[in-house]
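Following the hints, position chains B and C against chain A.
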Amino acid sequence: MLAWTIYLSFAGALVQALLPKGKAELSRWLALAVTVAGLALAVAGFAAGMGQGRVIIADVPWVPAMGIHYLLAADGISRVLVLLTGLAAVAGVLFSWNIELRTNEFFAFYLALIGGVYGVFLSFDLFLLFVFYEIAIVPKYFLIAIWGSTRREYGAMKLALYSFVGSSMVLIGLLAAYATAGSHSTSLIALSHANLPVNFQMWCFPLVFTGFAILAGMWPFHTWAPTGHVAAPTAASMLLAGVVMKLGAYGCLRVGIWLFPRGLDPWGFSFIGVGSWRDVFAILAVVGIVYGALVALVQTDFKFVIGYSSVSHMGFVLLGLMTLNQIGMTGAVMQMFSHGIIAGLLFAIVGRIVYERTHTRQLAELETMHLSKRLPFATWSFVIAGMASMGLPGFSGFVAELQVLIGAWSVKPWWTLAAGVGIVVGVAYTWRAMQKAFFSDKLPTPDEHPKTGWPDLGAITWPEYTGVALLVGVSLFVGLYPRILLDAIEPAVKTLLAGGGQ
Amino acid sequence: MSGIPVLTLLTVLPLVGAAIALWSGKHARTVALLTTLASLAVALFVWTQLPADGSMGLVERAAWAPSLGIEYHLGVDGLGALMLVLAAIVTLMSVDAANRVHHQPGLYFGLVLLLESGLFGSFTALNFFHWFLFWELSLIPAFFLIKLWGGTRRGPAATQFFVYTMAGSVALLVAFMAIFLSTGSMDFPHLTQLASTGALEQMVTAHLGPVTLWLAIGVLAGFAVKVPMVPFHTWLPAAYAEAPSPVTMLLTGAMSKMGVYGLLRIAIPLFGHQIAQIRTPLLVLAVATVVMGAWAAVAQTDLKRVFAYSSVNHLGYCLVGIFALAVPAAGAAAQTSQAAALNGVILQMFNHGLTAASLFWFVAIMQQRSGGHRGINDFGGLRKPAPVLAGLMGIALFSSLGLPGLNGFVGEFLIFRGVFPLAWVAATVSLLGLLVTAGVILTVIQKVFNGPVAEHCTGFQDMHHGERMALAPVIGLMLLIGLVPQLIVDSVNPTVVNLLAHWRF
Amino acid sequence: MNYTDLFRATLPETALEVAALLVLVLDLSLMRKAALKARVAAAALLGIAGCGAALWAVLLQGNQGLVFKDTGEFLLTTGGYAAVAQAGILVLTALTLLLLVGEVFTHHIGEYVAVVLMAAAGGLLIAAAQDLLVIFVGLELLSLGLYILTAFAKSSGKSAEAALKYYLFGGMSAAFLLFGFSYFYGLSGSTNLAEIQRAIAASGPSPLFYVAWILVVAGLGFKVAAVPFHLWAPDTYEGAPAPAAAFIASVSKVASFALLITLSLNWLAPGQGHGSLAFLGGVYQTWPALATILLVIAAASMMVGNLAALVQVSVRRLLAYSAIAHAGYILLGIAVHPVYNWQESLISFTQSARGPAALSANAVLYYILTYGLTTIGAFGVVDVVERATGSDRLDAFLGLHKRNPVLAAVLLVLFLSLAGIPPLVGFWAKFNLFAAVLANSAGVVPFRLVALAVALSAVSLYYYLQVLKRAYVMPAVNETPIKAHPVTLAVLVGIAAAVVLLGCFPAWLQGWIGSF
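Residue numbers (the working numbering), protein chains in the order written: chain A, 112 to 613; chain B, 467 to 971; chain C, 286 to 801.
Okay, chain A solo, but in the shape it has when bound (with noise of 0.2 Å):
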C-alpha cells in the first residue's frame, strides 16, 4: 500500500506536465489532492505497521542477471520519514498556492521529486535506492533555477552538481561493493550479510557515507545549502531542508552503516584523539552544529539565518548517527523527522507569509517594519516555531536533540557539550532574528511615524493558515507524546545496530 505513494506522485507528476497551460488553478488542487492521498496512504502505512517489523511491499526481479529486484519494503524508520514525506509534500503545495508562473509544470517537477523521495525511503535495493536518488536531483535544479529568487541559476546548478558527485562517490561505492561480493544481487538486505572483508569496508565506508552526507550538509560540503535554500522557492526551500538533506542522512544510515559497519571500527592508531572513521565523522557533525548556529548568528538575511540553521540541525542527525547506539541513533532519526516539519515551516513563514508580502528578506529593513503590529500571524507563527527550533521541550526538537545528547555522552562526553553549545547558540540566533524582524521597533527614518497606519500588507490566505495549523500540530503532536513514533523507530535501529550480521 505505500507503494502507491510513489506511484501516484509520479502519476500525478506526469498530468501536471500534459495539463494544458492557464490552468493555474486546476493544477493547484491536483497537486493537494495528490499529495493529500499520499499523506493518507502514508498514515494508513504508519498505522499498519505498527508494532511490525520490517515489511516487504513489493519484490520483483528487474534484472535477473544481475541480481537486481524491483525491492520495495518498509520498517519503522522508513514509515516515520514517508510519514514526514507526506506533511511535508502537503505543506508544500499549500504554501506554493499562489504561484502563477508556469503552475502546472511547477507542480509537474515538484510531484516528482516526491515520488523520487517516497522511492528512496521505500527501497531496500541498493541500486534501486540509487535510482530513486539520482532521480530527485533533476527537479530539484528545475525548481530552483525557474522559481526562485536570488541568485537562482547559480544556487541551482551548485545543488545539483554537490548532488550528483555525492551520488557520484556512492555509485561508485555501490559498484565496488557489489563486486566485492560477488555480484549476486543488490539487495540491501543481502548486501548486509555478505560479510565484506574489512579492509574493503575501511575505504568504502567513507566513500559512501561522504557521498550522502554530502546531501545531508555535513560539514565542510555544507555550501550549497544555504545558497540552494535562499535561491529556491519556498515549497523548494522547505523540502529542500525538510525532506531533501534528510535522504542524505537516510542514506548515511541504511546504507553507509548498515552494509560498512566494520567501517566504523577503530583504525588501531590514532591521530589527536582521532582514531576511527566514526570519530572524524563524529567531529564534522559536532563543528557543523557549532559552525551553523555561529554563522546563523551574524546573518544579515533572515533566509539566510533558517539556511544556516539547516545545516546545524542536521549536524545533530549525524551525530547522532556516529554515536552507534539505541538512543542517540533513535534521537537522529527523530531529529530527522522533527526537523524536517520545523525547518518547513519556519521556511514557509519567511518565505512565503514574510517575504512575499514585504519583499524583503534584509532584517535590517524588517527591523523597520513593526511586523509585529502588521502580520500577528506571521509574528506569532514565528514565535512558536522558534521556540520549537530552538528545543524547548513540548515540540519535537526536544525530544529529539535530548536523545542524541545523551546518547552522544555515553560515547565521548566532550560531543555532548559541544552540541550544547550549539544549542545555546541556536537559542542566540533564533532570538536575534525573531527580534530584529519581528518586535524591533525602530522606525523606518528618523521623523517617520506611523500616525495614519502603516500600508495594508496582504492577509493570511487559508492555504497558509492550514499549512502553519499542520505543521505545528504535527510538531506539538511528536513532542507531547512521542512516544507514537519512538515505538516505531526503537525497534528498527535495534535490528539495525544488531542485524548487520557480522
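Take the hints with a grain of salt, since some may be wrong.
As a list, the in silico BS3-like pairs of lysine-lysine whose alpha-carbon atoms are at most 25 Å apart [said to hold, decoys possible]:
1. B:Lys613 to A:Lys547
2. A:Lys132 to C:Lys687
3. C:Lys754 to A:Lys132
4. A:Lys484 to B:Lys613
5. C:Lys768 to A:Lys132
6. C:Lys687 to A:Lys134
7. C:Lys754 to A:Lys269
8. B:Lys492 to A:Lys484
Read the hints as simulated data drawn from the structure, not as lab findings.
Then chains B and C, alone, in the frame of chain A:
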C-alpha cells in the same frame, strides 16, 4: 473521587481559558477572571484532599515514553498544594489588577492564563520531562508579557530575563540528562529514594565519574537564577520594574516560588549530601541575598524597584532556611529545628507571595491615579486623601516588614527559629536584613503616607468599591494567617515531616 | 567454401546493396520529375525496407559463420555478438533515414540514401569480420561512404571543410591501419585473426607485434574518435548535415566497437596456460600490455572529452566532445576482459554472447546501441532547432519549452540520459558497463578508472544542464513556435519513449542481447 484526574484538570483549565481568551477581544478579562476563579476553586478543593500523613496525594500516573524514562506522573503533597493555591490566588489578583489593558487584551490574558497553566503544571509534576516542560512553558508568556506591555526599557529587561532563565534551564537540563544516563529514571520520588540510600551518587559515579557535585551545582544554578540568589539576581530589578505591575505581581508572587519549590522538590532531595558538602558557601550566598536585597532597597527611589529588591530579600530568608537544613546526621534537637525551618520556608513562600503581589497591586493603583508616577518622592501624605488605601497598604507593608500578628511574621519567625540552632552565624547576619527591611518599609510609609500632602496628591482618589472588594479579602487573609497560622501549618507540617524523613544529607 | 555459404553469410549485406541499387534506379528514373518530398519519402521507405530485409536476414542466419575450406577458421561470423551489432546497425540506419524526412540540404536523394545503405553494408561487414582483409574492405566501404555523406550539403562551406578534414585524417589512419595489418601478416603468414593469434602465441610476441598493435589501435581509435585521434570529430559533427552526422555518430561507432570487441577478445583475452601448454604461459603474461594501451586511450578520451565539452557554445561540438568522452567509457569496457582458459574453444569463448566473455561484450554492446539511439535523437532535435533558428549555438535553444514543448521534453529526456540520470537508459548502460568491468577485474587500475569515469560523468551533468537550462529556465528571446515535421517529431518522441522504457526495464534489451 479517585477516578477524576483533578490535577490534570487543574492544569488544563487555564489552557482552555487561554484559548477562549485569545479570541475574546474586549471580553478577555472577564474570561480570565472566570477561569482564575474556577482554578482557585479547584486548587482549594485539592488542598482539602491532601492525605493526612503528608505523602503524595491525588497521584496520576500513565506511561508516556517509557524508553526515555518519561512518564506522566502527577501528585501533590502539602507543599505542592499550597503552591497551587498561591498560584491561583496570585493569578486572580493579577487579572483583577489588569483593568487597563487596552492593547490586544485577548493576547494579554491568554498569555497570563498560559502562565498560570505553566505554574500549575510545574507544581504538580513528578517527572522531570513534564516538570521541565512547564518550567519552560511559563517562561515564554512571561517574556512576552514584559516585552509587549512593559515600560520604556522593556526590550533589554525582557531579553535579560529570558537569557538568564534560559541559561539556568540549560544547566538543569544537562544535570538531568546526566542523571537519566546514570539511573535510567526521571521520576522525582524514585530518584529521591535512590538518593536517600546513597544509590544515586553511586550510580552517577559508576557511569560518569565523580561528577555528582557538579550536577548538584548545575541544578542549584538553575534554581538560583529563578529565586533569585545573589549573584544571579541582576535580571530581577529591571524585569520587575519594566513589566506592567500586574505582571510583576505574577513574577514575584508565583514565578519566584517556582525556584524555591524546585530547590525543595528536586535539589535537596536528590543532592542533599552534595549540598551539605558545600553548605557554607551556599549559606554565604543566601545571607548575601538577604542583606544585599535589603540594602539595595534602601537606595531605590522607584517604588517598584524598592519592592523588587525587597522581594529578593524576603526570598533570601527562604534560601537561608533551606541551606541551613543541610546538616548531616541531625540529632533530635536538630531535627526539630529542621522541621521548624522547613515549615517556615514553606510558609514564607506563601506569605511572601501574597504580600508582594498585593504590594505591587497597590503600586499599580498609585501609578494609575498619579498619572504614571511611582517614585517614592512623588507622593506624600496620601493618608489624608486616600485613607482606605493607606490603611490597606499599610497592613500589607507591615506584613512585609514582619510585624507579629500579620502573616509575614510567622514564616520569618519559624525560619529564624529553625536556623539559629543550625547555623547561628547566618541567622545573626540575616537579622541585619530584618532590621534594614524594617527601615525601608518605615521610610516608605513615612514618605508616601505621612507628612504634608504633596501638591499633585490632593486630588488623589481613594480606592473605589471594586478595588476594596478585591483587595480586602487578601488583606483579610494576611491577618487571618498571621493570627491563626495553624490553618496552613496543620496541613503543611505532615508534609514537612515526611520530606525530612526522606532527605539524606 | 561454397557459394551457398557465402550467400548465406552475406545475406544482410546483399539485401542492403540491392536496396541501394533499387533506390538509385527508382530515384533517377521514375521519380526524376517528382517533388522533393515525394522522392525523399520513397527513397527513405525503400531504404528502411532494405534495412528490414537485412535485419530479417541477420536473425535468420543462425550461428554458423563462413568458414575457410583449408584452415577451418572463420572468415565471417554470424550470430553471437556480431548479430547483435548488425541488428543494431540496421535499426539505427533506419532511424537516420527517417530523419531525412523534411530535409532540404540536398536534391540528390537517391544518391544519399544509396550511400547510406552501402556504408551500412560496410558496417555489417566489419561487425562480422574475422579476417584482416575483410576488415579492411568493410572499413573502407564504411569510411568512404561517410566522407561522401559529410560533404553532401553542397551549399554549406562547413560541410565541405569537414568532409575534407575527415577524409584526410581518415585516409591517414587507414594507412596506419593497413601498415599494422601488413606487419601482422608478416609475423604470422596469414590474414586470419585466429591464425595470427596462434602463430604469435607459438613464436612469442616480438617488439614488431607491439608496434603493429599500436598502429592498429591508431587506425581504429580514429574511427571511434578516441584521444588523441579525435581531432576530426568536432568539425565533422558540426559541418555534416544532421542526418549524416547522426549516422556517423551512431552506426559507424557501433560497427567500429564491434570490431574492437572482436580484436580484443581474440588478442587480449588469452591468459595463463595450464598443464602441457605451460610453455606458452610466459607468452600470455605479456599480452595484457596490449590492454594497457587501450586503458590509457580510454582515460585520455574521458578526460579530454568531458573537460573540453564544458566550454563549448555550439551544441553540435558539445555532442562531439561528449561522444569522445563516451568512447572513452566504452574503451574501458573493451580493455578489461576475463582471462581466457586455453582449454576452452576459442570460438565459444569469444563468439557466443553467452560465453564467458559475454559479460563485458554484452555491456559494451548495450552501451553503444543505446548511445547510438540517444545520439540520433539528439541530432534530430538539434537539426529541428537549427533549421528554425539558423544556428546550433546554445542561445538558439532559449525558451524551447515555450516554442515547442514536445521537442523540449524530448531534449530533456535525451540529454539526461546522456548524463546518466536514472531511470533513463543512459544510466543503466553506464552502470552495466562499470559493473561488468569490476566483475571481470576488480584490480586497482580498472577500479580507479571506473572511479574516474563516474567522477567525469558528474562533470558532464554540468554541460548537459547548460543546454537544458537554455531550453527551460532562461527567458526566451524569440517566442515564435518552432515547427517540426510530424514524422520527425514522431520519430523523436519514439526515441525518447524508448530511452525511458529501456531505462525502466533494462532487462528487455539485456535479455535480448544475451539470447544470441
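Against the structure, the hints:
Of the pairs offered as hints, the one joining Lys613 (chain B) and Lys547 (chain A) holds, with about 13 Å between alpha carbons and a cut-off of 25 Å not exceeded. Pair hint Lys132 (chain A) plus Lys687 (chain C) holds up; C-alpha atoms about 10 Å apart against a cutoff of 25 Å. At most 25 Å may separate the alpha-carbon atoms for a hinted pair to count; Lys754 (chain C) and Lys132 (chain A) meet this at roughly 20 Å. Of the pairs offered as hints, the one joining Lys484 (chain A) and Lys613 (chain B) holds, with about 14 Å between alpha carbons and a cut-off of 25 Å not exceeded.
A threshold of 25 Å between alpha carbons decides the hint, and for Lys768 (chain C) with Lys132 (chain A) the separation of about 19 Å falls inside it, so the pair holds. A threshold of 25 Å between alpha carbons decides the hint, and for Lys687 (chain C) with Lys134 (chain A) the separation of about 16 Å falls inside it, so the pair holds. Between the alpha carbons of Lys754 (chain C) and Lys269 (chain A) the distance comes to roughly 13 Å, so the proposed pair stays at or under 25 Å and holds. Distance check on the hinted pair: Lys492 (chain B) and Lys484 (chain A) sit about 18 Å apart at the alpha-carbon level, within 25 Å; holds.
In summary, this structure violates none of the numbered hints.
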